[in-house]
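K.L.:
From first to last, the protein sequence lines stand for chains A and B. Numbering-wise (our numbering), the first sequence opens with residue 1 and increments by one. Numbering-wise (our numbering), the second sequence opens with residue 1 and increments by one.
Simulated from the structure, these hints should not be mistaken for laboratory data. Hints are supplied without guarantee of correctness; some may be wrong.
Partial chain A-side listing against chain B, Cβ under 7 Å, derived [stated by the list, open to error]:
no.	residue
1	T112
2	M162
3	I308
4	L347
For each label pair, taking beta carbons as the anchor points, the in silico distance ranges come out as [said to hold, decoys possible]:
no.	chain 1	residue 1	chain 2	residue 2	range
5	A	D271	B	T7	23 to 29 Å
6	A	M1	B	K296	31 to 37 Å
7	B	S370	A	D351	34 to 40 Å
8	B	L12	A	L193	30 to 36 Å
9	A	L231	B	V19	31 to 37 Å
10	B	E317	A	L240	52 to 58 Å
It should be emphasised that the depicted structure is a prediction, and the values quoted were computed from it without experimental measurement. All C-beta atoms, glycine included, are put in the ideal place defined by N, C-alpha and C.
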Amino acid sequence: MSEGAVLAVMLAALGGAVFLLRLPTGVALFLSAMLGSLASGNGLGLSFLTEGSMLYLDPIMIVITSLFFMAVFERSGALGTLNVWVVRTFGRHSFLLVSFLMLLVMFPGMVTGLTAPCVLTTGAMIAPLLLSTGASPATAGAFIATGAFFGMVAPPVNICAMLICGGVDMPYIGFDLPLLAATIPLALLSAYLLMGARFRSFDPDAALALLPMSRYDAHGIKLFLPLLLLLVLMLGEKILPGVIPFLGIPLIFVVSALLGLFTGDKVSIRDSALWATRESLSILALLAGIGAFIEVLTLSGARGWIVINLLSLPDWQLYLGMAILVPLFGGISAYGASVVLGVPILLSLLDRNNILIAAALSMLASIGDFMPPTRLAILLAGPIVGEDRVSRILKRSVWPIVLSVILTLAMIYFANDLAKLFGLA
Amino acid sequence: MKSLLSTLLLLLVLSLCLVTGLGFRQGRVDEPLYPSPSFKRTAPLSNYFAQLKNTPGDTEIFEFGEQDGGGTVLVLGGTHCDEPASYLAAYLLIENLKLERGRVLVVPRANRSALSHTTPGEAFPASFEIETANGPRRFRMGSRYTNPLDQWPDPEVFVHYPSGQELSGMDSRNLNRNYPGRADGSFTQRVGHALAELVRVENVDLVIDLHEASLEYPVINAIVAHERAMDCASIAVLELQLEGLDFALEPSPANFHGLSHRELGDHTACMATLMESANVIQGRLRGRTGAETILKGQDPMYVRAAEIEMTRVPYTEDGIPLEVRVGRHIEGVAKLISGFNQVKPERAITYAGVPGYSDLQKNGLGHYLSGTK
Ligand SMILES: [Zn+2]
Chain A
1 MSEGAVLAVM LAALGGAVFL LRLPTGVALF LSAMLGSLAS GNGLGLSFLT EGSMLYLDPI
61 MIVITSLFFM AVFERSGALG TLNVWVVRTF GRHSFLLVSF LMLLVMFPGM VTGLTAPCVL
121 TTGAMIAPLL LSTGASPATA GAFIATGAFF GMVAPPVNIC AMLICGGVDM PYIGFDLPLL
181 AATIPLALLS AYLLMGARFR SFDPDAALAL LPMSRYDAHG IKLFLPLLLL LVLMLGEKIL
241 PGVIPFLGIP LIFVVSALLG LFTGDKVSIR DSALWATRES LSILALLAGI GAFIEVLTLS
301 GARGWIVINL LSLPDWQLYL GMAILVPLFG GISAYGASVV LGVPILLSLL DRNNILIAAA
361 LSMLASIGDF MPPTRLAILL AGPIVGEDRV SRILKRSVWP IVLSVILTLA MIYFANDLAK
421 LFGLA
Chain B
1 MKSLLSTLLL LLVLSLCLVT GLGFRQGRVD EPLYPSPSFK RTAPLSNYFA QLKNTPGDTE
61 IFEFGEQDGG GTVLVLGGTH CDEPASYLAA YLLIENLKLE RGRVLVVPRA NRSALSHTTP
121 GEAFPASFEI ETANGPRRFR MGSRYTNPLD QWPDPEVFVH YPSGQELSGM DSRNLNRNYP
181 GRADGSFTQR VGHALAELVR VENVDLVIDL HEASLEYPVI NAIVAHERAM DCASIAVLEL
241 QLEGLDFALE PSPANFHGLS HRELGDHTAC MATLMESANV IQGRLRGRTG AETILKGQDP
301 MYVRAAEIEM TRVPYTEDGI PLEVRVGRHI EGVAKLISGF NQVKPERAIT YAGVPGYSDL
361 QKNGLGHYLS GTK
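Could you put together the complete structure from these sequences and hints?
P.N.:
Here is the structure:
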């Protein structure tokens, strides 16, 4: 079967399994991968399916351990206390409050280059506050997912841009300014579009009545020691290299969570672990399934077929193709889109400033965290804000997505002029 | 009923893990090599850095010749183990070389850990076969990166030592981003350190690091040379041109750190060079992937890529077979040594027995890799 036909088989199988058989997306991806392997004449491809399912081992571990951390953080009383503190400090200044909350959600992504830690830590931390304004769960979810997306793109750590650089042997230097300019204004604008009205009519006292009680009087500042430890371990290697060892993000979450067992209200380790497992299980299956799916896309040649067809598009159609295909491929994996599509696109645009192009492509690929089949950012945000139908969160996120696509295309089109502006040319 | 189903599924997954796990374990088994009679001995890399002993980072150095006044050349294959022409060229040298003067050291599996697995997502075949007079001979396909079982987890950002240059976390397992290495560093940094030690202790005059790259990669069909290796490399490129083999001469970038030609050049006394051939299976535009992709180097997607000028080398339906890629490496090694001999005639290195580019095209790779003599 030709490469294009295999791709059609895989997509049809995926759609059928999800919409007709109502299978979980993770399982559907696995079945689709298996069919793709058969259709391309590689048998069941068991070793490929196994290898592929290991592709996202690290994100899998980050999702489950960060949820465990959040469970402990909430149950110890720290989460409620934090929200009360934010309301008391910023409650009367709506602009400050919205900006602060957006930057807070972005922060973990800026240091990890991932959306999951944003949604599952700082996003989860401010979710009760967002909901206490009377915002719908979908809007609160969109706010968190949007912050996570901008955090993933914002400097200093943008893994997608680093992967694109790695593919063309270009050092990851000079990205801070363009990425800041591409993310911060748009993030604040999005925050205002989503939550500005809610916060202008925000009544701090009414919100405090809805939020959990502060446990500060009972435990004092030590409530926040797990959060402090998390920060120190994550940033420590950068600030004090050689003194604080890098444990890996999953272990950092576990160690910080364990500290949380002793810093506030009594927490059941078993309940927290069970909750984290239950909430993450479908996401873990999804990530494993995605890995297997990508592996078979590569094996069957469908991956190359997609890339070459995109690059063969003439002129303005190439822009349109990029705007659609890179985020869509990013829906399978933002990293995958960066490596598989980002690198060849950069190589085909070598007459433009490559820092601006790589920055723009990294942003385009990161939009994939909103896109099906994974739609990781909104999928994770769902349980955090209590929204079962994540498509509602996606609908609410349309403006940030559209604005980001327009901005990235402009960055590509005007790459050389912008590079001069940033002193990169 | 539900728990029965769960148990069954669990058993199914466990057996799948067992079956595939046994397959993946085969990746740890080094294929036997059959050195030529001129071969003196093998030494483990851990002789130069004891910490590597009994780790997957230890790897064999195949030594030819004596300290007889001639120079010493070090050939590195398998720095990136998804670049088969790099280690097959090294195997071919080991099994055919007849040394006359000087010394040749060959490390065919520079990052031995990287040959023990394949990169998830790339769908590489676990191995491929080459026909020889003694039947088919199987070789492993590997990965660009150190096996995560030997170095894990990756940092989010890899900070190169000692320059402080930042790269994506995955490159912390890329040997050719970890030179000059670090004695108390990560697994890959220690391998890099051991290889740099080998160069220093053995007073290696010329290092040739063999690589392949995808067809869209800007540095391809090229010799990259450190400043001190420029004279030697430009002679080599001229001589290769005379034989009809097109090679670009690329100066080693001064501001891109961790690569062998930059760091071994800066941190040891050697002339550091690196060669790239064009390998379809590394490319992001490639279509169907399998052992044939390695052997024949044919790919319809790349034919289309060539039509829209996305490839940096000429490419047609005929592909770029393994014979061509190994042949270019072997011929490149010969001409780099010839260049070295002209720059430093008193330290000349001479050898025979190794087939040239055209011999390989005529007789095939298997002819020179027939195994047991
Ligand atoms: Zn290489």
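K.L.:
Next, verify each hint and record whether it holds.
P.N.:
Verification of the hints:
1. T112: holds (5 Å)
2. M162: Given a least distance of 4 Å, the restraint on A:M162 holds.
3. I308: holds (5 Å)
4. L347: holds (5 Å)
5. A:D271 to B:T7: 23 to 29 Å: 25 Å Cβ-Cβ, so the 23 to 29 Å window holds.
6. A:M1 to B:K296: 31 to 37 Å: Check failed, 20 Å falls outside 31 to 37 Å.
7. B:S370 to A:D351: 34 to 40 Å: violated (49 Å)
8. B:L12 to A:L193: 30 to 36 Å: Taking Cβ atoms as reference, B:L12 and A:L193 lie about 48 Å apart, which means the hint is violated.
9. A:L231 to B:V19: 31 to 37 Å: violated (43 Å)
10. B:E317 to A:L240: 52 to 58 Å: Given range 52 to 58 Å: holds, Cβ gap about 57 Å.
In summary, the numbered hints that this structure violates are 6, 7, 8, 9.
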